[in-house]
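As a plain string of letters, each chain reads:
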Amino acid sequence: MRHVLSVTVENKAGVLARIAGLFSRRGFNIESLAVGPTENPDYSRITLVVQGDDLIIEQISKQLYKLIDTYKVVDLTKINHVEREMVLVKVSITASTRSEVIEIVNIFRAKVVDVSEKTLCIEITGDQGKINGLLKLLKKFGIAEIVRTGSIAMQRGTI
Amino acid sequence: MTEKIKGSKIFIESLKKEKVTDIFGYPGGAVIDIYDELYDSDIKHYLVRHEQAAAHAADGYARSTGKVGVCLATSGPGATNIVTGIATAYMDSVPMVAFTGQVNVGALGKDSFQEADITGITMPITKHNFLCKDVNDLASTIKKAFHIARTGRPGPVLIDMPKDITQNKAVFDYPEKADLPSYKPTIKGSIKQIKAAVNLIRSSERPVILAGGGVIAAEASEELRTFVTETQIPVAMTLLGLGAYPYDDELSLRMPGMHGTAYANYAIHDADLLISIGMRFDDRITGKLATFAPNAKVIHIDVDPAEIGKCIAATVPIVGDAKAVLVDLIKYVKESPVDKKIDWLKAIAEYKAKHPLIYKMDNETINPQYVIQQISEMTKGDVIMATEVGTHQMWAAQYQNHQYPRHFLSSGGLGTMGYGFPAAIGAQVANPDKLVVNIAGDGSIQMNIQELSTIAYYKLPVKVIILNNQYLGMVRQWQEMFYKKRYSSTDLEGMQPDFVKVAEAYGVLGLRATKPSEVRGVLEKAFEHNGPVFVDMVVNREENVFPMVPAGGVLNKMILQKEAK
Numbered sequence: 001m002r003h004v005l006s007v008t009v010e011n012k013a014g015v016l017a018r019i020a021g022l023f024s025r026r027g028f029n030i031e032s033l034a035v036g037p038t039e040n041p042d043y044s045r046i047t048l049v050v051q052g053d054d055l056i057i058e059q060i061s062k063q064l065y066k067l068i069d070t071y072k073v074v075d076l077t078k079i080n081h082v083e084r085e086m087v088l089v090k091v092s093i094t095a096s097t098r099s100e101v102i103e104i105v106n107i108f109r110a111k112v113v114d115v116s117e118k119t120l121c122i123e124i125t126g127d128q129g130k131i132n133g134l135l136k137l138l139k140k141f142g143i144a145e146i147v148r149t150g151s152i153a154m155q156r157g158t159i
Numbered sequence: 160m161t162e163k164i165k166g167s168k169i170f171i172e173s174l175k176k177e178k179v180t181d182i183f184g185y186p187g188g189a190v191i192d193i194y195d196e197l198y199d200s201d202i203k204h205y206l207v208r209h210e211q212a213a214a215h216a217a218d219g220y221a222r223s224t225g226k227v228g229v230c231l232a233t234s235g236p237g238a239t240n241i242v243t244g245i246a247t248a249y250m251d252s253v254p255m256v257a258f259t260g261q262v263n264v265g266a267l268g269k270d271s272f273q274e275a276d277i278t279g280i281t282m283p284i285t286k287h288n289f290l291c292k293d294v295n296d297l298a299s300t301i302k303k304a305f306h307i308a309r310t311g312r313p314g315p316v317l318i319d320m321p322k323d324i325t326q327n328k329a330v331f332d333y334p335e336k337a338d339l340p341s342y343k344p345t346i347k348g349s350i351k352q353i354k355a356a357v358n359l360i361r362s363s364e365r366p367v368i369l370a371g372g373g374v375i376a377a378e379a380s381e382e383l384r385t386f387v388t389e390t391q392i393p394v395a396m397t398l399l400g401l402g403a404y405p406y407d408d409e410l411s412l413r414m415p416g417m418h419g420t421a422y423a424n425y426a427i428h429d430a431d432l433l434i435s436i437g438m439r440f441d442d443r444i445t446g447k448l449a450t451f452a453p454n455a456k457v458i459h460i461d462v463d464p465a466e467i468g469k470c471i472a473a474t475v476p477i478v479g480d481a482k483a484v485l486v487d488l489i490k491y492v493k494e495s496p497v498d499k500k501i502d503w504l505k506a507i508a509e510y511k512a513k514h515p516l517i518y519k520m521d522n523e524t525i526n527p528q529y530v531i532q533q534i535s536e537m538t539k540g541d542v543i544m545a546t547e548v549g550t551h552q553m554w555a556a557q558y559q560n561h562q563y564p565r566h567f568l569s570s571g572g573l574g575t576m577g578y579g580f581p582a583a584i585g586a587q588v589a590n591p592d593k594l595v596v597n598i599a600g601d602g603s604i605q606m607n608i609q610e611l612s613t614i615a616y617y618k619l620p621v622k623v624i625i626l627n628n629q630y631l632g633m634v635r636q637w638q639e640m641f642y643k644k645r646y647s648s649t650d651l652e653g654m655q656p657d658f659v660k661v662a663e664a665y666g667v668l669g670l671r672a673t674k675p676s677e678v679r680g681v682l683e684k685a686f687e688h689n690g691p692v693f694v695d696m697v698v699n700r701e702e703n704v705f706p707m708v709p710a711g712g713v714l715n716k717m718i719l720q721k722e723a724k
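Sequence order for the protein chains is A and B.
Under our numbering, the first residue of the first sequence carries the number 1, and numbering increases by one thereafter.
Under our numbering, the first residue of the second sequence carries the number 160, and numbering increases by one thereafter.
These are calculated hints, taken from the structure and not from any lab test.
Here a beta-carbon is modelled for each residue, glycine too, at the ideal position from N, C-alpha and C.
Take these hints with a grain of salt, some might be off.
[What the hints assert, rightly or not] Per label pair, the in silico range of CB-to-CB distance: (1) A710/B / S24/A: 23 to 29 Å; (2) Q155/A / P709/B: 48 to 54 Å; (3) R2/A / G188/B: 47 to 53 Å; (4) E652/B / G27/A: 38 to 44 Å; (5) S24/A / P515/B: 42 to 48 Å; (6) A17/A / K493/B: 45 to 51 Å; (7) N29/A / D408/B: 46 to 52 Å; (8) N40/A / I164/B: 29 to 35 Å; (9) G27/A / G279/B: 19 to 25 Å; (10) Y333/B / Q51/A: 45 to 51 Å; (11) E494/B / N29/A: 45 to 51 Å; (12) N29/A / E701/B: 45 to 51 Å; (13) A17/A / M520/B: 53 to 59 Å.
[Stated by the list, open to error] Here are some chain A residues the structure puts well away from chain B; computed CB gaps all over 12 Å: (14) H3; (15) L22; (16) A34; (17) E39; (18) Q51; (19) S61; (20) S92; (21) I93; (22) T94; (23) K136.
Make the full structure from the sequences, and use the hints.
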């Protein structure tokens, strides 16, 4: 099963290497990983999307906790949360397909961020379902390149 | 105090604050300022002959005392040479701080002379590590390192110090507390869980205690003994748990697992409850996990939450320090005593009577087990026994009458050949008045044989007993049993040096025994000699270690001692 883990770590050199090393060494799979500073500059948040059954996820959490620089690990999967990913897609177009692509982009509330004669660069933000929906529709025009940020997530409500 | 002092001086002063009196190391360009400071320091530095030995010596020092062991190596090859020692300590949760020199901060990442990314290399084999890039952070980094190494589940911590950090100056201000906001080990177990454990113990019919290195690390041997006395539950000890409970006691099952006693393995297989204290269900204990203790519920007590549920699902998990949890367990079983499981103890007594540890020996050839047995009789367990890794290690585990914690030093997790000799050196430094013995094989001893020079120079009276069968015996046993006796690269007959002459070349007393009748006399001479001794015990070449649970096997299907050849 797919789990979204929100990991708060001390903002120190080598933290990411420790986490990446832990995953490869113990044979855990990372689907995506996104890192950035938090409201407190001393800490960074790592959002990890991982696959595994409950036992594996429990081991992953415990192993993450075991790292001296890990402050907190929260499995957001089972609590109400918002999840977002941003994707840039470069789609091949011709004069005759351009308007159709732009129409799809508008329906998905995505944005065209760059235009050339033969390509459109589209930016979309959303959850996996929305992103995959757009990508599926764009596929027939020919996708030249995709860049994804990996998911970030936050618990809804409460402080 | 506002006077600025050199980083190398801060290093020394910080060690003093941590009450370090002895360190093991080897000099080099990147640590030359530290060695200059050590030259007239109160801290005693032991020069080893290979950095690996410095790490193992620090490990033996730590295991035999519970203090944090300290080793020091230069950058690059010095640092990579201690890697095996750090990995050994990590696998066995030994508190250690390893210091390495490094190239100047400005030269980092430039493939400079003797540069190795030692923090990168040791990331997976240290509890934590630091690259200290500012002399102003050195004292607080050392404070953190010692705190991390000795608290929670102990382990090695490495500090990499660029040369200019040891030369630059800063005000020495050693912090009172380590500033580690994310690091808070759980010491006291949950009372709710402890009560649940007691209920489970009460309702069980066939309980077995599995005591591991965590009992010894937590200094909880006394508490374990009280708990066993109160509950009358039989106790098996892992290799690292040897000494946690008297080996020859009626309730002792000795060591379980691959080369454990038959009765420990049968008892675990039949058990309906395992009370695991500070042990981690290593594959050498469990064999195939799916068939391990098939009828047992599990109370798993460990200070490291990640160990609980890693291999075996726990019915009652208790995160906490073995000592703190045992104290609480004892309190509750004293409040309302647990019934003695009479039928179970009777069944175990029958297993013990039926399957004692046995070997056969004639008058011509020394059996290795006999040597250990003689040492055991002579010392009555009052000896610090280090081992290398292999068949001799298993015989030392089986036939020594382990009585006291911190008296058996062996690389259990990593299985490091070459560990025992330097570990014995560390133990002897820490325990100058104790008898320290290293049980070695003729293969293992040559992995750090250069340390003869160290024991000779410092007059450390370590007694090295080589059980010499001219084979790499453990691998040979597997080849005999599972590889059609194809002794690929394990038969060393005629290739081994004359160990007595080797010892003598270093100025160490060398002794040899070739017949059973000589063993006792040679051992007496060795133990009475006021200095280091190297003993070549020429033993039965093809003696095997039994019982044996083949790798991935089932405990109750072990291979028992064969009829004499």
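Run the structure past the numbered hints and jot down the numbers of the failing ones, going up.
-> 15 and 19
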